[in-house]
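Undergrad: Required output: the full structure, derived from the provided sequences and hints.
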Amino acid sequence: MKLLITGVNHKTAPVEVREKLAFDDRSLPAALEQLRASSGIAESVILSTCNRVEIAVTTRNGYDPQADVDRFLSESRSVPLGDIAPHLYHLADEAAIHHLFRVAASLDSMVVGEPQILGQLKAAYAAAKAHGSVAGFLEVVLTRAFSVAKRVRSETGIGESAVSVSYAAVELAREIFGSLSDKRVMIVGAGKMSELAAQHLHRSGATRIFVTNRTRDRAREMADLFQGTIVEYDRFLAVLPEMDIVITSSGAPFYIIQKTHMRRVIEVRKNRPVFLIDISVPRNIEPSVNEIDNVFLYDIDDLERVVEANVGERKKRAEHAEEIIEAEVDRMIARLKAREVAPTIVSLQEQLEQMRRAEVARLRGKLGTLTPEQEEAIEALTRGLIAKIAHGPISELRRQAAEPEGVQVIESIRKLFRLES
Amino acid sequence: MHEMSILWLRVAVVLYSLGLLHVLLTVIHRKRERVFRVAMAAFYSGVVVHIVSIVEATVATAHVPANNFFESASLCALLIAVLFLFLYWRYGYESLAVFIFPLVFVLALVGELGSPVGPWTDARVRGAWLAVHIVLVLIGYAALLVTAATSIVYLIRERQLKTKKTAGLSNLPPLGTLDMLMSRALAIGFVFITLAVVAGSIWASIDVGPGWIRNPRIIISLVTWGLYLVIVFFRVTAGWRGRKAAIMVIALVGCFAITWAAHTGLRNLLSR
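One line per chain: the protein sequences are A and B, in this order.
If you read the first sequence in my numbering, its first letter stands for residue 1, the second for the next number, and so on.
If you read the second sequence in my numbering, its first letter stands for residue 422, the second for the next number, and so on.
Note that these hints are calculated values from the structure, not bench results.
If a hint is listed, it holds; no wrong ones were tucked in.
Ranges between beta-carbon positions, derived for each pair:
| no. | chain 1 | residue 1 | chain 2 | residue 2 | range |
| --- | --- | --- | --- | --- | --- |
| 1 | A | D293 | B | G675 | 13 to 23 Å |
| 2 | A | E160 | B | W510 | 48 to 58 Å |
| 3 | B | T685 | A | Q258 | 45 to 55 Å |
| 4 | A | K192 | B | A659 | 34 to 44 Å |
| 5 | A | K192 | B | G675 | 47 to 57 Å |
| 6 | B | T685 | A | G205 | 41 to 51 Å |
| 7 | B | A672 | A | D330 | 57 to 67 Å |
| 8 | A | Q199 | B | A672 | 38 to 48 Å |
| 9 | B | V629 | A | S179 | 49 to 59 Å |
| 10 | B | I640 | A | G205 | 47 to 57 Å |
Cross-link-like lysine to any residue pairs, in silico, SDA-like; alpha carbons within 25 Å at most:
| no. | chain 1 | residue 1 | chain 2 | residue 2 |
| --- | --- | --- | --- | --- |
| 11 | A | K122 | A | R151 |
| 12 | B | K585 | A | E286 |
| 13 | A | K270 | B | V574 |
| 14 | A | K270 | A | Y255 |
| 15 | B | K583 | A | S204 |
| 16 | A | K270 | B | A570 |
| 17 | A | K270 | B | V657 |
| 18 | B | K583 | A | L196 |
| 19 | A | K270 | A | R235 |
| 20 | B | K665 | A | R272 |
| 21 | B | K585 | A | Y255 |
| 22 | A | K270 | B | L576 |
| 23 | A | K315 | B | T584 |
| 24 | B | K665 | A | S288 |
| 25 | A | K270 | B | R664 |
| 26 | A | K315 | B | K586 |
The beta-carbon is built from N, C-alpha and C at its ideal position, and this holds for glycine as well.
TA: Following this line, the structure appears as structure tokens:
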């Protein structure tokens, strides 16, 4: 075994377990130090996010580090091993690489395709690198994982469509307006959902946010979140024409924005489009408003339908992503094997050459004086002989490097020629 | 028409042409205050010179110059210009300028072309002039086709967003971008088509003489240009955008297709 990944994620462990095992940024260097203390462990990386805690280690000389890592987890997090053992998974070599690629490409995430995990993995790698605990095998695998993740993202477009209601609202706003940077957003009724949507919009560049609410304190609270402006509740219809995006989530049991209001708004706006997002139940905006040209009204069900469609789309793309990962794992394994096979070939050639020289030297005394032509003939004969002997094993080594079961064959060849150092 | 009167009218036409610059900038982007002031000053001067021209003609012939189509066109242009100046002075209807400037310019130009400058001095000048006209038309048509194509995409996109069938369509550009593209291409097309109409009218008036205006091809071109002017005007002032604008533009392209046919294919077909 060369590479081992030990960990828990959102599928194998409830949050009560995950939170106990989490490492924060401050405790990370000490933890890496502790792992390095184990003589069999060559490299280590610790990834700790809210959905997963994973430790990847590489070993020296076929050492089995599983017990070490389990003990390390239990001791450093002060949890009895018995409590976490049922949630832990252990993945070795090819399975570990496969897992690592899937994690990096966000296929193992709770929300498949979410973009944060790659950044978190890169940070974990950077921390380990700064600490000096990656160099060599693990580094090769991790950097490959980053480029595989990038390839999956660009080829499948898995992260493109929104899979939450509030984010779907932002996506739709972008489809209507393009850039959101100079757009005005009004929030009518300061609920949790509207806050979330406003947050996404704010982050996407819509910085001019207006808040109106029946109780002024709550409006104040929310306006402070986005450096927004408060609009008096009984005056909000008057400023409506100035708004490009309106989010309603008030508790009013009737339509606070009606078709007649919107007709006037669109006239004042000289037909510039308006995006209305009604996430309140009962609805706050008269549904027939959507019949007016240049008014786009989406209620909570519409947004959920968008999300549903996007989730379906993501599933399809994830299948394609899995195929890419399979292929990339195969390529990685082949490359790693080729890395292993090259030194074997060199030492095989060296070994045979040494034998040849020793034999020639031993026999040379018995042959007496020889003409230069005869000397040359002996050299040619012996060289030709070892080249012929080496040809079979070397081409077999090269061929086996690409095979899944190649490791055993390579090992046998090493044994046959006594290449063990 | 009296010779001095024609000279003055030509000066007025040149002054009016500055207004086109204002229209271009207004449609493409926001209004540029300085450009508008320059255009407005030129327009004022143009009106004064135009009045001088009409007075000259009146004095020379001892009656109001409205004897033929060309004289009427010139007089009509002046009346529209004066009416606009009154509305502008009284109510500040600045946005009307987008419509009035090109209209007055083209009417005055047509009036001026009633008396041709003389026959072609050289066959090569004739050919080159025509080539310029054709190049301008082609650029204008290209811009118009871009507008039409964008309009069609806009309609598809708008339909999708309205009916909320939005899954997997993020490869089309956003509505806002399409609308902007539409308005820019529309403005560029307008400028080139206007220049092409000017070049074409002058060419025809020299080539055919005063009878040029009665040619159906010329009439159909001028009418189509007028329609274009109306669309540009409503887009800028009344904010015709989105679906309505897209449909209007597609209709406009239809009209231009007829004009095109009148100038090329159909003419040969009919004369056979």
